[in-house]
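**Student:** Residue strings, one per chain:
Protein chains: 2
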Amino acid sequence: MLREIDFFFYIGSTYTYLSVSRVERIAAREGVSLRWRPFHVRAIMIEQNNRPFVGKPVKLQCMWRDMERRANRYGIPFKSIPDYPVDPEGLANRVAVLASLEGWCPEYTKATYRAWFLENKAPEDAQHLRSILSRLGKDPDATISQADSQKIRQRYDSETEQAKELGIFGSPTFMWGAEIFWGDDRFEDAIDWAKSHPS
Amino acid sequence: MLREIDFFFYIGSTYTYLSVSRVERIAAREGVSLRWRPFHVRAIMIEQNNRPFVGKPVKLQCMWRDMERRANRYGIPFKSIPDYPVDPEGLANRVAVLASLEGWCPEYTKATYRAWFLENKAPEDAQHLRSILSRLGKDPDATISQADSQKIRQRYDSETEQAKELGIFGSPTFMWGAEIFWGDDRFEDAIDWAKSHPS
Numbered sequence: 010m011l012r013e014i015d016f017f018f019y020i021g022s023t024y025t026y027l028s029v030s031r032v033e034r035i036a037a038r039e040g041v042s043l044r045w046r047p048f049h050v051r052a053i054m055i056e057q058n059n060r061p062f063v064g065k066p067v068k069l070q071c072m073w074r075d076m077e078r079r080a081n082r083y084g085i086p087f088k089s090i091p092d093y094p095v096d097p098e099g100l101a102n103r104v105a106v107l108a109s110l111e112g113w114c115p116e117y118t119k120a121t122y123r124a125w126f127l128e129n130k131a132p133e134d135a136q137h138l139r140s141i142l143s144r145l146g147k148d149p150d151a152t153i154s155q156a157d158s159q160k161i162r163q164r165y166d167s168e169t170e171q172a173k174e175l176g177i178f179g180s181p182t183f184m185w186g187a188e189i190f191w192g193d194d195r196f197e198d199a200i201d202w203a204k205s206h207p208s
Numbered sequence: 010m011l012r013e014i015d016f017f018f019y020i021g022s023t024y025t026y027l028s029v030s031r032v033e034r035i036a037a038r039e040g041v042s043l044r045w046r047p048f049h050v051r052a053i054m055i056e057q058n059n060r061p062f063v064g065k066p067v068k069l070q071c072m073w074r075d076m077e078r079r080a081n082r083y084g085i086p087f088k089s090i091p092d093y094p095v096d097p098e099g100l101a102n103r104v105a106v107l108a109s110l111e112g113w114c115p116e117y118t119k120a121t122y123r124a125w126f127l128e129n130k131a132p133e134d135a136q137h138l139r140s141i142l143s144r145l146g147k148d149p150d151a152t153i154s155q156a157d158s159q160k161i162r163q164r165y166d167s168e169t170e171q172a173k174e175l176g177i178f179g180s181p182t183f184m185w186g187a188e189i190f191w192g193d194d195r196f197e198d199a200i201d202w203a204k205s206h207p208s
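Protein chains in written order, with this note's numbering: chain A, 10 to 208; chain B, 10 to 208.
Because the hints were derived from the structure by calculation, they are not lab data.
As the structure is a prediction and not an experimental result, all values here were calculated from the model.
Just so you know, not all the hints are guaranteed correct.
Each pair may be met inside one copy or between any two copies, as identical chains are not told apart.
[Stated by the list, open to error] Okay, derived cross-link-like pairs now, DMTMM-like style, lysine to aspartate or glutamate, Cα gap no bigger than 25 Å in a straight line:
| id | residue 1 | residue 2 |
| --- | --- | --- |
| 1 | Lys119 | Asp134 |
| 2 | Lys88 | Glu170 |
| 3 | Lys65 | Glu188 |
| 4 | Lys204 | Asp166 |
| 5 | Lys65 | Asp194 |
| 6 | Lys119 | Glu33 |
| 7 | Lys204 | Asp150 |
| 8 | Lys65 | Glu174 |
| 9 | Lys65 | Asp15 |
| 10 | Lys130 | Glu77 |
| 11 | Lys173 | Glu128 |
| 12 | Lys204 | Asp194 |
| 13 | Lys68 | Glu56 |
| 14 | Lys130 | Asp92 |
| 15 | Lys68 | Asp166 |
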């Protein structure tokens, strides 16, 4: 039986770096499949007045230190705090939406997160984005053009709308049935839940 | 060598129920001591405009469901969502401050959290608080009078001020040296850090 956990994420979320770097290996080991679903969490957060770090420097500082320690704990490279926030126009995320439809979303998302966190390259930077797409064997012009198309913009919006209707408000979120597991630190909970509630 | 982790908490924090119910057993197993330090996290949160649930019904609902699942995971009883918020005047927390000075803070805090979560008894309710104090072998009148004294009020304030200066903004927070671990779900990280950084 195929077990599939929805992995809702937003390129620009900080803790999502940890998930992007580790969920595949764990899911494979546990016999669980993941469906990578990029969505516009920032729109939902603004709408719900849920801004965990904007104007909260003490909490922000603690988050980065926690990220660094958690990365070390997981054996995930962490160099320094990258520029943040990123992707104001949503291009990097719309490329992820296209990639999710075409089957190369994990590779792209991992590459863009690694470059963001380890080389401080903004995911939406045009030259950098083209370089990543080339390395993935994609035509940069055609891909960016598709990511800018109405079809992909609408898909991004509809995925965001669906996430919101499901009660999702943060990235990463793992969903199994009606159960919402928010946060990289709840991925193991989601896996255990999926395995113990197979139907 | 004595290893002591500061356990900053506020009676009224939801996730603190999980910590109060489980940290002693784990700390004992791991050979780590805990110093229970009640503080007024709500004052810090208001000052820092950090209100995770006020006006955020979607996030609030997710938190309670997560609490319930986590309680089940840990084998901690969870009956239903209790009334929230509690202790508007700070009496229940000031009793905890007194208890922390006199050595009965864990017993009191566990008793008041159990009653809040399992019987929906507000920690500050006078009749209920007196009953808890009696069961702990304390004189209710004398204890409440001390908790209302200037000395204990000042201690509550100074502990809160110190927590704020340390960069603490949430409950529960575990602190070892300069490292801040925020959240019940970071207790194991704090333990591991303390054990691997003994000096």
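**Student:** Give a verdict on every hint.
**Tutor:** Comparing the hints with the structure gives:
no., hint, verdict
1, Lys119 x Asp134, "within (16 Å within a copy, 52 Å between copies)"
2, Lys88 x Glu170, "neither (35 Å within a copy, 33 Å between copies)"
3, Lys65 x Glu188, "between (29 Å within a copy, 19 Å between copies)"
4, Lys204 x Asp166, "neither (31 Å within a copy, 47 Å between copies)"
5, Lys65 x Asp194, "both (21 Å within a copy, 21 Å between copies)"
6, Lys119 x Glu33, "within (11 Å within a copy, 39 Å between copies)"
7, Lys204 x Asp150, "neither (42 Å within a copy, 52 Å between copies)"
8, Lys65 x Glu174, "between (28 Å within a copy, 15 Å between copies)"
9, Lys65 x Asp15, "between (30 Å within a copy, 23 Å between copies)"
10, Lys130 x Glu77, "within (18 Å within a copy, 40 Å between copies)"
11, Lys173 x Glu128, "neither (32 Å within a copy, 33 Å between copies)"
12, Lys204 x Asp194, "both (17 Å within a copy, 21 Å between copies)"
13, Lys68 x Glu56, "both (21 Å within a copy, 12 Å between copies)"
14, Lys130 x Asp92, "within (8 Å within a copy, 47 Å between copies)"
15, Lys68 x Asp166, "between (30 Å within a copy, 21 Å between copies)"
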